[in-house]
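> Spelled out, the chains give:
2 protein chains.
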Amino acid sequence: MSKGLLIVVSGPSGTGKGTVCDAWRKIAKNLGYSVSATTRQPRAGEVDGVNYYFHTKEEFEKMIANDELLEWAEVYGNYYGTPLKKIQEKLAAGEDILLEIDTQGAMKVKAKVPEGLFIYLIPPSLAELEKRIRGRGSETEESLARRLGAAREEIEIGKQYGYVVVNDEVENAVATIESIRIAEHCAVSRNIDVLDELKK
Amino acid sequence: MSKGLLIVVSGPSGTGKGTVCDAWRKIAKNLGYSVSATTRQPRAGEVDGVNYYFHTKEEFEKMIANDELLEWAEVYGNYYGTPLKKIQEKLAAGEDILLEIDTQGAMKVKAKVPEGLFIYLIPPSLAELEKRIRGRGSETEESLARRLGAAREEIEIGKQYGYVVVNDEVENAVATIESIRIAEHCAVSRNIDVLDELKK
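Protein sequences, first through last, are from chains B and S. The first sequence begins at -11 in my numbering and counts up by one. The second sequence begins at -11 in my numbering and counts up by one.
Watch out, some of these pointers could steer you wrong.
If several chains are the same, the list does not tell them apart, and a pair holds so long as it fits within one copy or across any two.
[As the list claims (entries may be wrong)] No farther apart than 27 angstroms at their CA atoms in a straight line, the calculated lysine-lysine pairs in the DSS-like style are these: (1) LYS50 <-> LYS98; (2) LYS188 <-> LYS100; (3) LYS73 <-> LYS119; (4) LYS96 <-> LYS187; (5) LYS98 <-> LYS147; (6) LYS50 <-> LYS147; (7) LYS119 <-> LYS(-9); (8) LYS187 <-> LYS(-9); (9) LYS96 <-> LYS119; (10) LYS147 <-> LYS100; (11) LYS17 <-> LYS187; (12) LYS188 <-> LYS50; (13) LYS188 <-> LYS14; (14) LYS96 <-> LYS78; (15) LYS98 <-> LYS119; (16) LYS119 <-> LYS100; (17) LYS(-9) <-> LYS50; (18) LYS187 <-> LYS45; (19) LYS119 <-> LYS187; (20) LYS188 <-> LYS119; (21) LYS188 <-> LYS73; (22) LYS45 <-> LYS188; (23) LYS50 <-> LYS14.
Think of the hints as simulated: they come from the structure by calculation, not from any bench.
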């Protein structure tokens, strides 16, 4: 258990991964998170190094060029990314790190850190997903249809994750994710040194 | 979650796997167990089909010949084995099945059921293992030394399991094993059908 786990949680938009991850963070021990880097302007109250690491476009592109980001994307003209170094430091110190990112980012992380723990959160059904998105009241019929279509495609991507967790109730989902974390720490592949040490 | 998991728990002799498995069975839901077949004589109070399935040597050898045993071994002239059919029925019905068997048996099961869940219980240290075996007061110095030597070899076999769990406290070990069971039910490899169903 000397090295931390990089834990990636994703899910189709509307699955409630933000709610689940927030609830998990509140009860989980030794679970750190990654502060993203961005080139967008800080909003009122946002603090550099807490909400985001704020960078200029030039700085960010230098980070890309130097391979200092675990994954990054450009969204509406702004860069967003996950700085690698801080994560590596925390993992080496034995802390687990939670990354709550979209499927595209997750697949980039998987390419770089295949030993990470990839959890895919799904709604109990597409009907329930539609209900949840409608409940937010912020979608037109057109954007709703687009999001449900995207969800179908994303579910297929879910097969590339290690685990799939149904978010029926937040509490259940959190308990299941915590179980997966505990289990992964016991994976033999992560404990060869423990067994070798035990033989001595 | 439609299909049950075959869960194999082993560990070096003296690790306390019997105590852990008994404690786990008491709290775990949907966790069945396998009744072994044997050719040894029933002891007072033992019931056929509850403690063991009692067979003649001829019957048992026929079961071997017909490949009706998941694993079997001959110990002091008697056969012991795990009947396959009952287990398959329970797994198909969605029940998890716990097999508490030694490393040799476990490796035979792994060859036949690679999708099983293989958990290796280890003591916190060899010193602790020695203490526990001594505590039973039933060993000579010679047999103790032999068992500790065997434990060292068995720990190496542990690398062929999926998970390794330290039995420091029975309660902790039980909670960890239960977490592993929950996690394995969420493994994407076991949930491809769930994802396909969700897309519909």
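> Each of the hints needs a verdict: does it hold here or not?
How the hints compare with the structure:
Within a single copy, LYS50 and LYS98 get their C-alpha atoms as close as 23 angstroms, which meets the 27 angstroms cut-off; across copies the closest is 50 angstroms, which misses it. Neither within a single protomer nor between protomers do LYS188 and LYS100 lie at most 27 angstroms apart by alpha-carbon distance, with minima of 34 angstroms and 32 angstroms respectively. Proximity of LYS73 to LYS119 under the C-alpha cut-off of 27 angstroms is found in neither arrangement, the shortest distances being 40 angstroms within a copy and 44 angstroms between copies. When the C-alpha separation of LYS96 and LYS187 is checked against a cutoff of 27 angstroms, the pair qualifies only between copies, where the shortest distance is 24 angstroms, while the shortest distance within a copy is 38 angstroms.
In the homo-oligomer, the alpha carbons of LYS98 and LYS147 lie at most 27 angstroms apart both inside one protomer (13 angstroms) and across protomers (25 angstroms), since each shortest distance falls under that limit. Taking identical chains as interchangeable, the C-alpha atoms of LYS50 and LYS147 are never at most 27 angstroms apart, the minima being 34 angstroms within one chain and 43 angstroms between chains. In this assembly of identical chains, LYS119 and LYS(-9) lie within 27 angstroms of each other by CA distance neither inside one copy nor across copies; the values are 40 angstroms within and 29 angstroms between. Proximity of LYS187 to LYS(-9) under the C-alpha cut-off of 27 angstroms is restricted to the intra-copy arrangement: shortest distance 20 angstroms within a copy versus 36 angstroms between copies.
In the homo-oligomer, the alpha carbons of LYS96 and LYS119 never lie at most 27 angstroms apart, since the shortest distance is 30 angstroms inside one protomer and 49 angstroms across protomers. For the identical chains of this complex, LYS147 and LYS100 are neighbours both inside a copy (18 angstroms) and across copies (25 angstroms), given an alpha-carbon limit of 27 angstroms. For the homomeric pair LYS17 and LYS187, neither the shortest alpha-carbon distance inside one copy (30 angstroms) nor that between copies (35 angstroms) is at most 27 angstroms. Within a single copy, LYS188 and LYS50 get their C-alpha atoms no closer than 48 angstroms, and across copies no closer than 44 angstroms, so neither meets the 27 angstroms cut-off.
In this homomeric assembly, LYS188 and LYS14 never come within 27 angstroms of each other (Cα to Cα): the closest approach is 39 angstroms inside a single copy and 34 angstroms across copies. Only within a single protomer do LYS96 and LYS78 lie at most 27 angstroms apart by alpha-carbon distance; the minimum there is 20 angstroms, versus 40 angstroms between protomers. Proximity of LYS98 to LYS119 under the C-alpha cut-off of 27 angstroms is found in neither arrangement, the shortest distances being 31 angstroms within a copy and 44 angstroms between copies. For a Cα distance limit of 27 angstroms, the shortest separation of LYS119 from LYS100 qualifies neither inside one copy, at 36 angstroms, nor across copies, at 45 angstroms.
Taking identical chains as interchangeable, the C-alpha atoms of LYS(-9) and LYS50 are never at most 27 angstroms apart, the minima being 29 angstroms within one chain and 50 angstroms between chains. For the identical chains of this complex, LYS187 and LYS45 are neighbours neither inside a copy (53 angstroms) nor across copies (39 angstroms), given an alpha-carbon limit of 27 angstroms. Within a single copy, LYS119 and LYS187 get their C-alpha atoms only as close as 55 angstroms, which misses the 27 angstroms cut-off; across copies the closest is 16 angstroms, which meets it. When the C-alpha separation of LYS188 and LYS119 is checked against a cutoff of 27 angstroms, the pair qualifies only between copies, where the shortest distance is 16 angstroms, while the shortest distance within a copy is 58 angstroms.
Taking the shortest Cα distances, LYS188 and LYS73 never come within 27 angstroms of each other, neither inside one copy (34 angstroms) nor across copies (41 angstroms). Taking identical chains as interchangeable, the C-alpha atoms of LYS45 and LYS188 are never at most 27 angstroms apart, the minima being 53 angstroms within one chain and 42 angstroms between chains. Neither within a single protomer nor between protomers do LYS50 and LYS14 lie at most 27 angstroms apart by alpha-carbon distance, with minima of 35 angstroms and 58 angstroms respectively.
The structure is inconsistent with the numbered hints 2, 3, 6, 7, 9, 11, 12, 13, 15, 16, 17, 18, 21, 22, 23, although it conforms to all the rest.
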